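Here the protein sequences come in this chain order: A and B. 1069 is the number that this note's numbering gives to position 93 of the first sequence; each next residue is one higher, with no gaps. 813 is the number that this note's numbering gives to position 33 of the second sequence; each next residue is one higher, with no gaps.
These are computed hints drawn from the structure, not numbers from a lab. Fair warning: this is a prediction, and the values are worked out from it, not measured in the lab. Every residue gets a Cβ at the ideal spot worked out from N, C-alpha and C, and that includes glycine. Check each hint, because a few of them may be wrong.
[As the list claims (entries may be wrong)] To give a feel for the contact side, a few chain A residues facing chain B, derived at Cβ under 8 Å: (1) Gly-1018; (2) Tyr-1024; (3) Ala-1026; (4) Ile-1070; (5) Pro-1072; (6) Gly-1081.
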Amino acid sequence: DAGITQSPRYKITETGRQVTLMCHQTWSHSYMFWYRQDLGHGLRLIYYSAAADITDKGEVPDGYVVSRSKTENFPLTLESATRSQTSVYFCASINPGATTEAFFGQGTRLTVV
Amino acid sequence: RKEVEQDPGPFNVPEGATVAFNCTYSNSASQSFFWYRQDCRKEPKLLMSVYSSGNEDGRFTAQLNRASQYISLLIRDSKLSDSATYLCVVNSGTGGFKTIFGAGTRLFVKA
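Sequences are here, hints too, so could you generate the full structure?
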């Protein structure tokens, strides 16, 4: 299906484990973003990417790693999960040549126990 | 200081009321501005773009004041279905697409 999809939708993991959240978009949008959303904080930008092999830190990058080997994929890895990383994670993409509207995946609800 | 700051809310209003949300941003090089709506921690969706000349879409009016680095959203004749969280969004950074969200303002419209 066309669009932007995240997987898994729900994940429970243990402290210290490595976890990778996947994001895939079918539009070939150049820009992709990862946000986390916690109560009272809105969406906070973790990392973003302007194109394949180009990534930049956002507001809260510590504890996260990203890669962008292909335009359509932008995985987010928690190298050693902590309880403070329990959150809802949203991936988004933008086509800067058009309206610059951000299109979001449905989110991944991650719980670290 | 956060890059994008919004009224904390929540706003509790009766149906038919007019309600205004405000937002300020700190990066004077910011290039584009939006309001998004989010329901029950589902994914945010674009409500409207914000232009310097102001723009209106039905009951919704958005304004941008670049000199004051201020964005507003006005909702007239509030409906129950307007109950949601409204997010102010600013694109800044090199190339203009570091997309930063405000914390959101929660709106409750009651019968």
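The hints, checked one at a time:
1. Gly-1018: Check passed: Cβ of Gly-1018/A comes within 3 Å of chain B, closer than 8 Å.
2. Tyr-1024: Holds. Min distance 6 Å.
3. Ala-1026: Holds, about 6 Å.
4. Ile-1070: Where the cut-off is 8 Å and the nearest Cβ of chain B is about 6 Å from Ile-1070/A, the hint holds.
5. Pro-1072: holds (6 Å)
6. Gly-1081: holds (6 Å)
Every hint from the earlier list agrees with this structure, and none is contradicted.
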